[in-house]
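In case you want the letters, here they are:
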Amino acid sequence: MTGAATSTPAPVLDVRGLGVRYGGVQALDDLSFTVAPGEVVGLIGPNGAGKTTCIDALTGFTTPSGGRIRFAGRSLDGVPPHERARRGFVRTFQSLELFDDLTVRENLLVAAAPPTWRSTLTDALRLKPRADAAVDEALDLVGLASMAERHPIELPNGQRHLVALARALVPGPALVLLDEPAAGLDPTETATLGHLLRRLPARGTSVLLVDHDMGLVMGACDRVLVLDFGRLVASGPPAQVRNDPAVVAAYLGGAGEPSGARP
Amino acid sequence: MASLAIGLVLTWRTSGVVNFAHAAMGMYVAFAYFEFRDQGNLVLPIIGTPERIHLLDTPTLATALAFALVLSVALGLAVHTLVFRPLRRAPTVARVVASLGLYLYLQEITRLRFTQAGAASVTRFPVLPTHDVDLLGTSVTANRAILAVAVVALTVVLTVVFHTTRFGLATRAAAGNEKGALLTGISPDRVGALNWALASVLSGFAVILIEPIAGLDAGTTSLLVVPALAAALIGGLSSFAVTVAAGLGIGMVQSLILGYASRPDTRWIPDWLPVVGLQQAVPVVLVLLALVWRGDPLPTRSAIAERRLPASPTPRHVAAWAVALGGAGTAGFLLFEADLRQALIVSLIAALLSLSIVVLTGYVGQISLAQLAFAGVAGFTVIDVASRGWPFPVAAAFAVAVATGVGVLVGLPGRRVRGMVLAVATLAMAVAIESLVLANPSLSGGEAGRSAPRPSLFGLDVGITARGADNFRPAFGLMVLATVIVACVVVANLRRNRTGLRWLAVRANERAAAAAGIDVGRTKLGAFALSSALAGTAGVFLAYANSTLSTSSFLVIGALVALALTYLAGISSITGALVAGALAQAGLLTTVLDRSTDGQAGRYAYAVSGLALVVTAIVAPEGITGAARRLGGRVDRAVRRVGARGSRPGPARPLAVDPTPASPDGAA
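For the record, the sequence lines run as chains D and S. Its first residue numbered 1, the first sequence is counted upward by one per residue in the numbering used here. Its first residue numbered 1001, the second sequence is counted upward by one per residue in the numbering used here.
What the hints contain is simulated information worked out from the structure, not anything from laboratory work. Everything numeric in this text was worked out from a predicted model, so none of it was measured. Glycine included, each C-beta is placed from N, C-alpha and C at the ideal position. There may be inaccurate statements among the hints.
[Stated by the list, open to error] Some but not every residue of chain D turned toward chain S, in silico, with C-beta under 8 Å: (1) 63; (2) 85; (3) 91; (4) 100; (5) 101; (6) 115; (7) 171; (8) 174; (9) 228.
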């Protein structure tokens, strides 16, 4: 839809041969894929397929045992998680991990531009808290401006998910990696989220979406990657992946039984 | 030592508690044992009970050992059921505070009931023979040899028991997953109780047996927990064998240092380096190496199951607070008599120290037991440079800068370790600073202490002393007051802005903070720097407030008390720091109490504050100010509910604003 990935010269994210090993278990094996600028890519797979491991390895929370990751043309080898976020590669958590001590606005402010020596000094002597335009913009985007002074625990689950998403968008990242953003959402909320995600490429943010919800992934993504047992078993446009026998086998657990291949 | 370390491993594996009071428990049992062996008396560690109960007229070794066994089992069970069992799911800080409270309580009650009560000399009946035996070609006293053999044997037995019996399996299961253990029919409670009893017995007998070698004293024996912790940490708080090997190793290295350094032909150790300090610093180095070796820059996915610290309210009306505090303080200094002015100064300095704890522990979640050591470094530095003729403001700024530097150094392991382990690391470093720097006669002037020259600020005399009723001059007090207000405003402003939000983010969840682009390690170091600067400022004022400053002002135990009081008052708010200042020893509250009770209140102050600490950690984890705020918030909400009923529609009604179960009196 947004232009073929292959024709774009410089991908935002370029993963080659990524592997992660926990003790004797190969949790992720020789994974390669790219995300082009303006692309919304889905990553799906059954439980235990290695989705969370993949996210942790990409964002620096797990050390890969092999392969390389390039983001915006630079290698991410040995780059700590916070530095990846500052370079514009931001993730969310399946468990949201909102800061419950802080209000919604403050949750977003945490992710805003880091304080410098000078801003810290002036902050120390100001009598009014500082405002931040990027925070207001992100709140508007997800439609939570009216909830800014609430605490996350006061919000219903759907809005908490939006807070987590807004926090990831505050620094204006080039790529946001969403870890099961629709977990626990009802169909209406999921649809809203899908629309929201489609609007991100226009703001300069590519999306790597990891989720169980087939409706969301198939509806919102340009391209879908399918993981099973730590390996990439299929990739392509949603319509093609949906009918891939390997995908069907992975999800239905059959040994290539064609009976599951209902459209 | 090794046996102490084993007990620590036991309680950690059972309750996830690094029991700082471990050696103190053994210390009490040992005192009780010797008293019984000598006099046949039972001495209870409970305030308000009769001090001595006479049990036997002619105690024998056998009855005395049986007595110690029963007593230590009872103590272990009591500590488990009354203190740590209720705290199983409490935040780490609450458990640390509870164990510190227990430490304080046991140490003070022992002082009150044994040492000060003139207990009998303890060495009359050594348990083990003391003649020399020949071991591997060197001559060793029999008791040492027996101890070493016994400890190794004990290790083998424990290791076997833990790996082969159902009890060992149950302990490991209960520590790993309490609910799961419960479902498979294991009672984590009973397992915990057994382990605590065992740990208590080990500690008690260890202290009894090493008494002829290491002596017995309420203060120093309790601090034996530090080298024991070093050994336990090297063993990863799980392996008995490694722990014991490390414990024996540390003990040997320490005695080697002592033996080597005291030989007259040893020249390479400079004179100014105290040998005792060197001996005590060894475990610290070992702890640090063990920590760096085992640490991880970010906690792993499963490690974040722990409950939060008390909620930290955003400071509001900062300017109004500053004016109110300034007004009240100024009025106090102008109207109070000398003794109350002194109490106010003490309280303000203590508030500054507590503020340093609020920043570091309350806001960033890093437990540091070295705050008083920072103050001590600054205090002696300022005296040193001021007596070389540096003008007061320059000397003070320099001293604070030095304290900040030391604080950053102490904070370095915080990049890789957190929670209990960080508390241990900072405790170890506080002991190192105390024994190498503060107890160093060339810096602190030894027993006599040192005095700072009279300070003056831009030609104004801001010294504290004056003749007679003019002593504790308001000029000094106002200077301290102004500093406290500026410090509070700065901390409040940082807390409200991005710096402080990042602090709270790190405190709440290091992984999420890193994902939001926060450099967790740097944020912690920054907090250590600010916190140690505040503590250093308190130290500078202490140096000028006391006519002579000696090492005893900065003993590690004082840091524990400071953390305890701050926690008690409310560790996550600036108000908490101010209240903690008011509660401090010789501060406003105790001075007023002392006046009205003729000094009786002071005698039990430490013991009671230890007890209060344990109780607060269990019942009111948010501290006094937190509890007050909750009450105020409830009233506030009730008023608002009545005033604005129905004006706020929509699905986003507060679901659980108040995490505590609401009591019926809330809707007034």
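Here is how each hint holds up against the structure:
Residue-level restraint check for residue 63 of chain D is violated (minimum Cβ-Cβ distance to chain S is 11 Å; threshold 8 Å). Evaluation of the residue 85 of chain D hint against chain S yields a held restraint, the C-beta minimum of about 4 Å falling below 8 Å. Proximity of residue 91 of chain D to chain S holds as hinted, the smallest CB-CB distance being about 5 Å (cut-off 8 Å). Taken as an interface hint, residue 100 of chain D checks out: its beta carbon lies about 7 Å from the nearest beta carbon of chain S, inside 8 Å.
Given the 8 Å rule on beta carbons, the hint for residue 101 of chain D holds: about 5 Å separates it from the nearest Cβ of chain S. Of the supplied interface hints, the one on residue 115 of chain D holds, with its beta-carbon coming within about 5 Å of a beta-carbon of chain S, less than 8 Å. Of the supplied interface hints, the one on residue 171 of chain D holds, with its beta-carbon coming within about 6 Å of a beta-carbon of chain S, less than 8 Å. Checking residue 174 of chain D against chain S: minimum C-beta separation of about 13 Å lies over 8 Å; hint violated.
A distance limit of 8 Å between C-beta atoms decides the matter here; for residue 228 of chain D the minimum to chain S is near 21 Å, and the interface restraint is violated.
Violation of the numbered hints given earlier is confined to hints 1, 8 and 9; the remaining hints are satisfied by the structure.
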